[in-house]
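Chains as they are written, first to last, in our numbering: chain D, 114 to 624; chain S, 114 to 624.
For the record, the hints were derived by calculation from the structure and aren't laboratory data.
Hints may contain errors.
Identical copies go unnamed one by one, so any copy, or any two together, can satisfy a pair.
Claimed, not checked - Cut-off 25 Å, straight-line C-alpha distance, at most; resulting in silico cross-link-like pairs (BS3-like, lysine-lysine): (1) LYS307 with LYS336; (2) LYS316 with LYS473; (3) LYS192 with LYS116; (4) LYS473 with LYS315; (5) LYS128 with LYS453; (6) LYS582 with LYS558; (7) LYS455 with LYS433; (8) LYS582 with LYS557; (9) LYS228 with LYS273; (10) LYS316 with LYS222; (11) LYS315 with LYS469; (12) LYS128 with LYS494; (13) LYS336 with LYS372; (14) LYS336 with LYS494; (15) LYS354 with LYS490; (16) LYS285 with LYS315; (17) LYS503 with LYS315; (18) LYS394 with LYS503; (19) LYS473 with LYS225; (20) LYS222 with LYS192; (21) LYS128 with LYS315; (22) LYS316 with LYS469; (23) LYS118 with LYS307; (24) LYS316 with LYS236; (25) LYS265 with LYS455; (26) LYS349 with LYS336.
2 protein chains.
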Amino acid sequence: MKKIKTALISVSDKKNLKPLLDTLKKNKVKIISSGGTYKEIKKLRFNCLEVSKFTNSSEILEGRVKTLHPKIHAGILNKRNNKFHLRDLKNNNFENIDLVIVNFYPFEKTLKETKNHNKIIEKIDVGGPTMVRSAAKNYQDVTVITSSEQYKELIDELIKNKGSTTLEFREKLSRVAFSETAYYDSVISKYFNKISKTIFPKKKIIHSNLIETLRYGENPHQKSGIYSENIEMNIKQVHGKQLSYNNYNDIFAALTISKSLSKNIGTVIVKHASPCGVSIKKDHLESYKSALACDPISAFGGIVSCNFKITKRLAVELNKLFLEVIVANGFDTNALRLLKSKKNLRLIDASNYSFKENLKFTSSNQEILIQSDDLNKLTNKDFKTVSKRKPSKQQMKNLIFAFNICRYVKSNAIVLATDETTAGIGSGQPSRLDSCQIAINKMKKFIDTDNEIVAASDAFFPFVDGIEKLVQSGITAIIQPYGSIRDKEIINFANQTNTVLVFSKTRHFRH
Amino acid sequence: MKKIKTALISVSDKKNLKPLLDTLKKNKVKIISSGGTYKEIKKLRFNCLEVSKFTNSSEILEGRVKTLHPKIHAGILNKRNNKFHLRDLKNNNFENIDLVIVNFYPFEKTLKETKNHNKIIEKIDVGGPTMVRSAAKNYQDVTVITSSEQYKELIDELIKNKGSTTLEFREKLSRVAFSETAYYDSVISKYFNKISKTIFPKKKIIHSNLIETLRYGENPHQKSGIYSENIEMNIKQVHGKQLSYNNYNDIFAALTISKSLSKNIGTVIVKHASPCGVSIKKDHLESYKSALACDPISAFGGIVSCNFKITKRLAVELNKLFLEVIVANGFDTNALRLLKSKKNLRLIDASNYSFKENLKFTSSNQEILIQSDDLNKLTNKDFKTVSKRKPSKQQMKNLIFAFNICRYVKSNAIVLATDETTAGIGSGQPSRLDSCQIAINKMKKFIDTDNEIVAASDAFFPFVDGIEKLVQSGITAIIQPYGSIRDKEIINFANQTNTVLVFSKTRHFRH
Numbered sequence: 114m115k116k117i118k119t120a121l122i123s124v125s126d127k128k129n130l131k132p133l134l135d136t137l138k139k140n141k142v143k144i145i146s147s148g149g150t151y152k153e154i155k156k157l158r159f160n161c162l163e164v165s166k167f168t169n170s171s172e173i174l175e176g177r178v179k180t181l182h183p184k185i186h187a188g189i190l191n192k193r194n195n196k197f198h199l200r201d202l203k204n205n206n207f208e209n210i211d212l213v214i215v216n217f218y219p220f221e222k223t224l225k226e227t228k229n230h231n232k233i234i235e236k237i238d239v240g241g242p243t244m245v246r247s248a249a250k251n252y253q254d255v256t257v258i259t260s261s262e263q264y265k266e267l268i269d270e271l272i273k274n275k276g277s278t279t280l281e282f283r284e285k286l287s288r289v290a291f292s293e294t295a296y297y298d299s300v301i302s303k304y305f306n307k308i309s310k311t312i313f314p315k316k317k318i319i320h321s322n323l324i325e326t327l328r329y330g331e332n333p334h335q336k337s338g339i340y341s342e343n344i345e346m347n348i349k350q351v352h353g354k355q356l357s358y359n360n361y362n363d364i365f366a367a368l369t370i371s372k373s374l375s376k377n378i379g380t381v382i383v384k385h386a387s388p389c390g391v392s393i394k395k396d397h398l399e400s401y402k403s404a405l406a407c408d409p410i411s412a413f414g415g416i417v418s419c420n421f422k423i424t425k426r427l428a429v430e431l432n433k434l435f436l437e438v439i440v441a442n443g444f445d446t447n448a449l450r451l452l453k454s455k456k457n458l459r460l461i462d463a464s465n466y467s468f469k470e471n472l473k474f475t476s477s478n479q480e481i482l483i484q485s486d487d488l489n490k491l492t493n494k495d496f497k498t499v500s501k502r503k504p505s506k507q508q509m510k511n512l513i514f515a516f517n518i519c520r521y522v523k524s525n526a527i528v529l530a531t532d533e534t535t536a537g538i539g540s541g542q543p544s545r546l547d548s549c550q551i552a553i554n555k556m557k558k559f560i561d562t563d564n565e566i567v568a569a570s571d572a573f574f575p576f577v578d579g580i581e582k583l584v585q586s587g588i589t590a591i592i593q594p595y596g597s598i599r600d601k602e603i604i605n606f607a608n609q610t611n612t613v614l615v616f617s618k619t620r621h622f623r624h
Numbered sequence: 114m115k116k117i118k119t120a121l122i123s124v125s126d127k128k129n130l131k132p133l134l135d136t137l138k139k140n141k142v143k144i145i146s147s148g149g150t151y152k153e154i155k156k157l158r159f160n161c162l163e164v165s166k167f168t169n170s171s172e173i174l175e176g177r178v179k180t181l182h183p184k185i186h187a188g189i190l191n192k193r194n195n196k197f198h199l200r201d202l203k204n205n206n207f208e209n210i211d212l213v214i215v216n217f218y219p220f221e222k223t224l225k226e227t228k229n230h231n232k233i234i235e236k237i238d239v240g241g242p243t244m245v246r247s248a249a250k251n252y253q254d255v256t257v258i259t260s261s262e263q264y265k266e267l268i269d270e271l272i273k274n275k276g277s278t279t280l281e282f283r284e285k286l287s288r289v290a291f292s293e294t295a296y297y298d299s300v301i302s303k304y305f306n307k308i309s310k311t312i313f314p315k316k317k318i319i320h321s322n323l324i325e326t327l328r329y330g331e332n333p334h335q336k337s338g339i340y341s342e343n344i345e346m347n348i349k350q351v352h353g354k355q356l357s358y359n360n361y362n363d364i365f366a367a368l369t370i371s372k373s374l375s376k377n378i379g380t381v382i383v384k385h386a387s388p389c390g391v392s393i394k395k396d397h398l399e400s401y402k403s404a405l406a407c408d409p410i411s412a413f414g415g416i417v418s419c420n421f422k423i424t425k426r427l428a429v430e431l432n433k434l435f436l437e438v439i440v441a442n443g444f445d446t447n448a449l450r451l452l453k454s455k456k457n458l459r460l461i462d463a464s465n466y467s468f469k470e471n472l473k474f475t476s477s478n479q480e481i482l483i484q485s486d487d488l489n490k491l492t493n494k495d496f497k498t499v500s501k502r503k504p505s506k507q508q509m510k511n512l513i514f515a516f517n518i519c520r521y522v523k524s525n526a527i528v529l530a531t532d533e534t535t536a537g538i539g540s541g542q543p544s545r546l547d548s549c550q551i552a553i554n555k556m557k558k559f560i561d562t563d564n565e566i567v568a569a570s571d572a573f574f575p576f577v578d579g580i581e582k583l584v585q586s587g588i589t590a591i592i593q594p595y596g597s598i599r600d601k602e603i604i605n606f607a608n609q610t611n612t613v614l615v616f617s618k619t620r621h622f623r624h
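Excised from the complex, chain D in its bound form (with noise of 0.2 Å):
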């Protein structure tokens, strides 16, 4: 238990000082404080020390300059149970600090505000960092505040233990300060590898705040929580049971697609985190009832993400269908009224959702991968036609379709398409030839079409096998990465069995 006597106040966030300078007045706690926050205080009509007039030595380079001195840090750095610290005191004529309440330059909102370099500099916080990590590596006898959204706990502990502070309590501040520090100072540095265009340095911090913890893992003895680098997370909860770890997975899988189609147009079906059905049919019922359609048996308990707004014609038939999660650029009132009928339910406005340039990466045990993310968009000029048969316009348009929904199935990625449609998704297959398999299987048993039926593969066909099976069963266009030593063995079996083959420059494996 330590009592507080002497507090140092240097504040950035101004909120809620009333009550905390009244509870320190009550026990009597003398107060030091610099700049802004001593003007902020003496307005509130407490008494305050100035910083200056404690240190004797005046604020200079514009407040660059303030609380880096001496007799602030011994104050704060003193262990009080040490003889040779207490006689260094002493000498100096220098006084315990027990308490300080710090909170940082707003520099993460800075970014935010203003792309000026210098005025971003300007808010590095040295001081403000310097007084928190001296007292959060003395907790043992000193308290640390880094929010004022701590004042209320210290107020409550402060009367609990008539002025005082547990052991306990100024461990578990120390802990939430040095997160602080840390998080300031990754900001900081990831804004510096930012401007610089490092995208590896040597060391590399990533920061990020808690969105909430989850009831578990993929599994239940999997403790499990959601952060994001930013504060909150650009899509919002409507309705429903609290979302599980796994939801969070499916809804940034059917996200990931869902935002790379045009805007307004689609519906993805995502189960165990991989699509088993899509459909860009500009109209949205339709677009639903088609994606359902090539895979019903396996929607079933899976999510729905529709990259447009969800009206009551289209809820009454999402109700017949059991689901986890709905996903939507928002519901009009009389969808949500309908879909709200279910209790469990999870319904999720991802209207201000969008995919920014980001690192992607993966641990396992102690490693790390990073990449950049697979987001470029694919147009016409990425696809080279090499059979003798050309696409028709139709072809192509169901061919670029069913390529840019393969880059986002787990490798090897083999999807059928008619009809802006996915029509047979095979996925997740040490052997390209097995992916055929299952997508033409799906399609045997779902799709029921005169339409042509293409087909994409994420990766070049090592052999002629794949691309033979798929032929076999009807398909008449495929695109595919080039790349195989036996590229003109395809191409000839291709011009023999009269298929369109279109090569794609890019690959796009997916694990």
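Once you've looked at the hints, dock chain S against the given chain D.
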């Protein structure tokens, strides 16, 4: 271009100072230093002014407060082209510090050397990071060096520019400096989280060290690098081409399985980050041959991971197959010589690799999903036979083996096994029934045995149909988690068909 007249040196790592001091001397740089660094510089016979003399303020609190002084920080932080700053400096009789050479108390190293909390806390550097942050903030005027590895480039820069540094150089160093301070506090933050058992703090910061940048990511148009929480990874490449992103991804998938097996036992073959054959036969050569026999087609171009040391006898066999990578707990000399005959084949020694209790994270856009890993070992106690027919010892062994492998296969996962070897793996399907079919197809294609074949499912069968399909294909024993509302029907079906049915307590989704 900024001329360096005064340098402040305060280093915990005292390596390589001599050549640097030579260069500084040649350029007539005044040196200020504190504590151990001062002694070291004097020992090397260079002139040096003690910090306490410079500030006229003695080193106190056993070194806790040395450089936290306005004269130091004004000297670093003042903007040389700002007349107010110039005036403040003059009025206070302060002088410029143009070069800051600081490295921190070795907090991370100390963590590895001791569990003594007080000793660890004492290694939290306050003065060092503050000087570095001041200098890095003011990089327009100040040069900051944070590691002895940077001395060489500083020397080169000073020679090239006759005692000055360029803005570009200083900005780069500033970027590195902030990555150092962020990294440093991230390690401290992680330590505090660990001792307080805080798994999901409000602000989470992940620190990592670049192991190497990779040629590209999953695809040639993606940039990539591999990082580790440690300075070095515990795997060692002993031969072959540079590892690719996909190689690393496959290696980690393989090691997750290999290292879960009993000591010195088991071969795992991985393709596209998914196992396509696993055997735990005691004879090493047999285990490889059996793992390969499960799916020799998929194994082509894959990676083989042996949870034992590879001998010549096995190397001869391995050399018959085209492989990207071989991972093993070492290679004996003859094996290594033989395997090295393939120039491109990557050989990885993973003898020292082991799994720690780590959080696993995966990012999507700006969000990060974090969960504890699913590595708990399962034993007989975790399972309960629910059918009338009880498993034989052999069946139970194969069931547990199949279930343990099933955990590492992408969901929905079905693993068939016989004779301590997988006999068919169905992975990554939105429908469990499809995964059954894929596993059965593999079995029918590749497995020729009179022994009983058992099946494992990573999650419960929602309906009887999956289990029915397995039994129809000749499977005589099945293991799965419980939890379907149709569990009773499934038990009844098992009893009707005289099938062994074992329930596991835990589910093991992996997406």
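Results of checking the hints against the structure:
| no. | hint | result |
| --- | --- | --- |
| 1 | LYS307 with LYS336 | between (33 Å within a copy, 15 Å between copies) |
| 2 | LYS316 with LYS473 | both (17 Å within a copy, 19 Å between copies) |
| 3 | LYS192 with LYS116 | within (14 Å within a copy, 41 Å between copies) |
| 4 | LYS473 with LYS315 | both (17 Å within a copy, 21 Å between copies) |
| 5 | LYS128 with LYS453 | neither (38 Å within a copy, 67 Å between copies) |
| 6 | LYS582 with LYS558 | both (16 Å within a copy, 17 Å between copies) |
| 7 | LYS455 with LYS433 | within (11 Å within a copy, 59 Å between copies) |
| 8 | LYS582 with LYS557 | both (13 Å within a copy, 19 Å between copies) |
| 9 | LYS228 with LYS273 | neither (46 Å within a copy, 33 Å between copies) |
| 10 | LYS316 with LYS222 | both (24 Å within a copy, 16 Å between copies) |
| 11 | LYS315 with LYS469 | both (23 Å within a copy, 23 Å between copies) |
| 12 | LYS128 with LYS494 | neither (55 Å within a copy, 56 Å between copies) |
| 13 | LYS336 with LYS372 | between (29 Å within a copy, 22 Å between copies) |
| 14 | LYS336 with LYS494 | between (46 Å within a copy, 22 Å between copies) |
| 15 | LYS354 with LYS490 | neither (35 Å within a copy, 32 Å between copies) |
| 16 | LYS285 with LYS315 | between (31 Å within a copy, 12 Å between copies) |
| 17 | LYS503 with LYS315 | neither (49 Å within a copy, 57 Å between copies) |
| 18 | LYS394 with LYS503 | within (24 Å within a copy, 54 Å between copies) |
| 19 | LYS473 with LYS225 | within (22 Å within a copy, 30 Å between copies) |
| 20 | LYS222 with LYS192 | between (36 Å within a copy, 24 Å between copies) |
| 21 | LYS128 with LYS315 | between (38 Å within a copy, 20 Å between copies) |
| 22 | LYS316 with LYS469 | both (23 Å within a copy, 21 Å between copies) |
| 23 | LYS118 with LYS307 | neither (44 Å within a copy, 31 Å between copies) |
| 24 | LYS316 with LYS236 | both (23 Å within a copy, 20 Å between copies) |
| 25 | LYS265 with LYS455 | neither (39 Å within a copy, 67 Å between copies) |
| 26 | LYS349 with LYS336 | within (23 Å within a copy, 31 Å between copies) |
Of the numbered hints listed earlier, those contradicted by the structure are 5, 9, 12, 15, 17, 23 and 25.
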